[in-house]
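Chemist: As a plain string of letters, each chain reads:
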Amino acid sequence: MSNEKGKYTTVSIPTPLAEKIKKRIEGTGFTSISSYVTYVLRELLASMEEEEEEVFSKEDEEKIKERLRALGYLD
Amino acid sequence: MTNYIVSGLERSGTSMMMQILYKGGMSVAFDKSRPPNEHNPKGYYELEGGKVINRLMDGTFPMEKYDEKFIKITAYGLKFLPRGNYKIIYMVRNLDEIMDSMEKMSGPIDRETEKPLFEKLNKYAMKLLEEREDIEYITVKYNDVVLNPRKEIERINEFLGGKLDVESAVKAVDPKLYRNVREKR
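As they're listed, the protein sequences go chains S and Z. Quick note on my numbering: the first sequence kicks off at 38 and runs consecutively. Quick note on my numbering: the second sequence kicks off at 3 and runs consecutively.
Hints are supplied without guarantee of correctness; some may be wrong.
[Stated by the list, open to error] No farther apart than 30 Å at their CA atoms in a straight line, the calculated lysine-lysine pairs in the DSS-like style are these:
1) K25/Z <-> K95/S
2) K173/Z <-> K102/S
3) K143/Z <-> K100/S
4) K44/Z <-> K102/S
5) K153/Z <-> K25/Z
6) K25/Z <-> K100/S
7) K95/S <-> K53/Z
8) K173/Z <-> K106/Z
9) K106/Z <-> K102/S
10) K100/S <-> K44/Z
11) K95/S <-> K178/Z
12) K125/Z <-> K100/S
13) K53/Z <-> K100/S
14) K153/Z <-> K95/S
15) K44/Z <-> K59/S
16) K95/S <-> K173/Z
17) K81/Z <-> K100/S
18) K100/S <-> K173/Z
19) K106/Z <-> K100/S
20) K102/S <-> K153/Z
21) K102/S <-> K34/Z
22) K95/S <-> K44/Z
[Said to hold, decoys possible] For each label pair, taking beta carbons as the anchor points, the in silico distance ranges come out as:
23) R106/S <-> D98/Z: 16 to 26 Å
24) E133/Z <-> K44/S: 30 to 40 Å
25) T46/S <-> H41/Z: 39 to 49 Å
26) A107/S <-> R152/Z: 47 to 57 Å
27) P64/Z <-> R106/S: 16 to 26 Å
28) A107/S <-> E135/Z: 26 to 36 Å
29) R61/S <-> T62/Z: 25 to 35 Å
30) T46/S <-> R85/Z: 38 to 48 Å
31) T46/S <-> E133/Z: 46 to 56 Å
Rather than coming from a laboratory, the hints here were simulated on the basis of the structure. In this text the structure is predicted, and so the values were computed from the model without any measurement. All residues carry an ideal CB built from backbone N, CA and C; glycine is no exception.
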């Protein structure tokens, strides 16, 4: 379900998890469960994207192998 | 069984490290299939002309034959290392120096394309070292060895449990031979 301006959407999480988050953000700068969940998910996605960038593509690997052949490290 | 490995990107100082270990009295396995040349005047200290990677890729490299011995397996080969028990010295060198050296040895390099690839390979190998539970490792910077061999060799000796003859190992480092050094400290 999205709000009328389309900037936010609702995601359901289990009530016990929401309660845990509520306790966790007490006394922090987070003003709501939503703002905390948004922060955590952004961090998680950023770190996953960073990791994915390091993955070798087949094309990368072939180019490296070409150089290794030229250097005599691979047949 | 423990296999000892010197690794790092090609032209990162892996041969230099093998020489250091050899002179320092460690058991080092190599053959004469690739003789010394102008690119490595003191020798390559490799097995099978450096083409161990092919044997690792097809699963025919006899790792058990080299129990308790140092062998050289460059960075890409780590991807194909079978499960085991390893102690690895991983050489790290300024990537532009590596490119300079590769270029001298194998011809022109399109650095815009290849430098990021080797940077990625280096990161991949170091991540693998960090993540695999059957690997203990130490990273050693090429320039630190050239500029301050005793300090680095003592650190390596600690990693190896004090098995190295540090005095003899230090003598293996001849800074005059190590060209293409861009960073001076």
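Chemist: Are any of the numbered hints broken by this structure? If so, which, sorted upward?
Modeler: Hints 1, 2, 6, 11, 14, 15, 16, 18, 20, 22, 25, 26, 29 and 31 not satisfied by this model.
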